[in-house]
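So you can see what is in the structure, the chains are spelled out below.
Number of protein chains: 2
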Amino acid sequence: MAAVTIQCCAPIAREPLSETDAAELAVLLKAVADPVRLRLLSMIGSHAGGEACVCDLTDAFDLTAPTISHHLKVLRTAGLIDGDRRGTWVYYRIIPEVVNKLGAAFAPLTEPAPNLELTPV
Amino acid sequence: MAAVTIQCCAPIAREPLSETDAAELAVLLKAVADPVRLRLLSMIGSHAGGEACVCDLTDAFDLTAPTISHHLKVLRTAGLIDGDRRGTWVYYRIIPEVVNKLGAAFAPLTEPAPNLELTPV
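Going down the list, the sequences are from chains A and B.
Position 88, counted from 1, in the first sequence is what the working numbering calls 88; the numbers after and before it change by one each time, with no gaps.
To convert a position in the second sequence, counted from 1, into the working numbering, add 1000.
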């Protein structure tokens, strides 16, 4: 294990975003800027085997199946998740390349810098 | 310098978010889920000295001053930026602790794991 001391700030705060990049990032952010969709994304990503049946997701919320389906569709349209129908149910999984675009914009620096140190523990 | 090989996925995709955490994170995400606000945030964070005069920000957009002020207020209300009036103008700066909450949710793993290695360069 290693402790990583990070310096301020996220890439988004280190150089001006272009209009195009800002527009693309805003589409992803709008898709996740909802408590139900954030919880759905976290439940799908952390589910055993890396995918979750829509039946499990719907049972976890006090919401109707059509409402859950709407939120899943928003996440899927943004490219954050994908799904396959197998038998009765659709199984959803995270698309890490797309989720990681959010991480790339907001992650603190990970490369070493004068005020960053990697410390073996 | 060190190369960091990261594994999939973001923390948000590794364990289910609580309702409370999801609600708090959604407030921050809604504040940044707009192309103009993303560009404002990146311009403030990357400005010389770590702060930007509202006069510089307004000049960079083909938008009215009240529209820019509205977007700055949304960012400020969410706690992502703060501002001080000095003379005629307000000067804005990033609040890194709050911006980094977004990074913490979406950043890929940084701690070592079986498929992660830290390589001195």
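Don't read these hints as lab results, they were simulated from the structure.
Where is the CB? At the ideal position from N, CA and C, for every residue including glycine.
Be aware that a few hints might be false.
Straight-line distance between alpha carbons at most 25 Å, and here's what the computed PhoX-like set of lysine-lysine pairs gives [stated by the list, open to error]:
#, chain 1, residue 1, chain 2, residue 2
1, B, K1073, B, K1030
2, A, K101, B, K1030
3, B, K1030, B, K1101
4, B, K1073, A, K73
5, A, K73, B, K1030
6, A, K73, A, K30
7, B, K1101, A, K30
8, A, K101, B, K1101
9, A, K101, A, K73
10, A, K30, A, K101
11, B, K1101, B, K1073
12, B, K1030, A, K30
Take a look, some chain A residues computed to stay more than 10 Å from chain B by CB distance [stated by the list, open to error]:
#, residue
13, P16
14, A22
15, L38
16, S46
17, C55
18, D59
19, V74
20, R76
21, G79
22, I94
To see whether the hints hold, each was checked on the structure:
1. K1073/B - K1030/B: This hinted pair holds, its Cα atoms lying about 13 Å apart.
2. K101/A - K1030/B: Status holds; Cα separation ~17 Å.
3. K1030/B - K1101/B: holds (14 Å)
4. K1073/B - K73/A: It is violated: about 31 Å lies between the C-alpha atoms, which goes past 25 Å.
5. K73/A - K1030/B: Given that 25 Å is the threshold and the Cα spacing comes to 19 Å, the pair holds.
6. K73/A - K30/A: It holds: about 13 Å lies between the C-alpha atoms, which stays within 25 Å.
7. K1101/B - K30/A: OK: K1101/B and K30/A at ~17 Å, within 25 Å.
8. K101/A - K1101/B: holds (16 Å)
9. K101/A - K73/A: holds (19 Å)
10. K30/A - K101/A: Cα-Cα ~14 Å, so holds.
11. K1101/B - K1073/B: Answer holds: K1101/B to K1073/B is near 19 Å, not above 25 Å.
12. K1030/B - K30/A: holds (7 Å)
13. P16: Violated, because the least Cβ-Cβ distance between P16/A and chain B comes to about 5 Å, which does not exceed 10 Å.
14. A22: violated (4 Å)
15. L38: violated (4 Å)
16. S46: Given a closest Cβ separation of 5 Å, the condition is violated.
17. C55: holds (16 Å)
18. D59: holds (13 Å)
19. V74: holds (12 Å)
20. R76: holds (15 Å)
21. G79: holds (14 Å)
22. I94: violated (5 Å)
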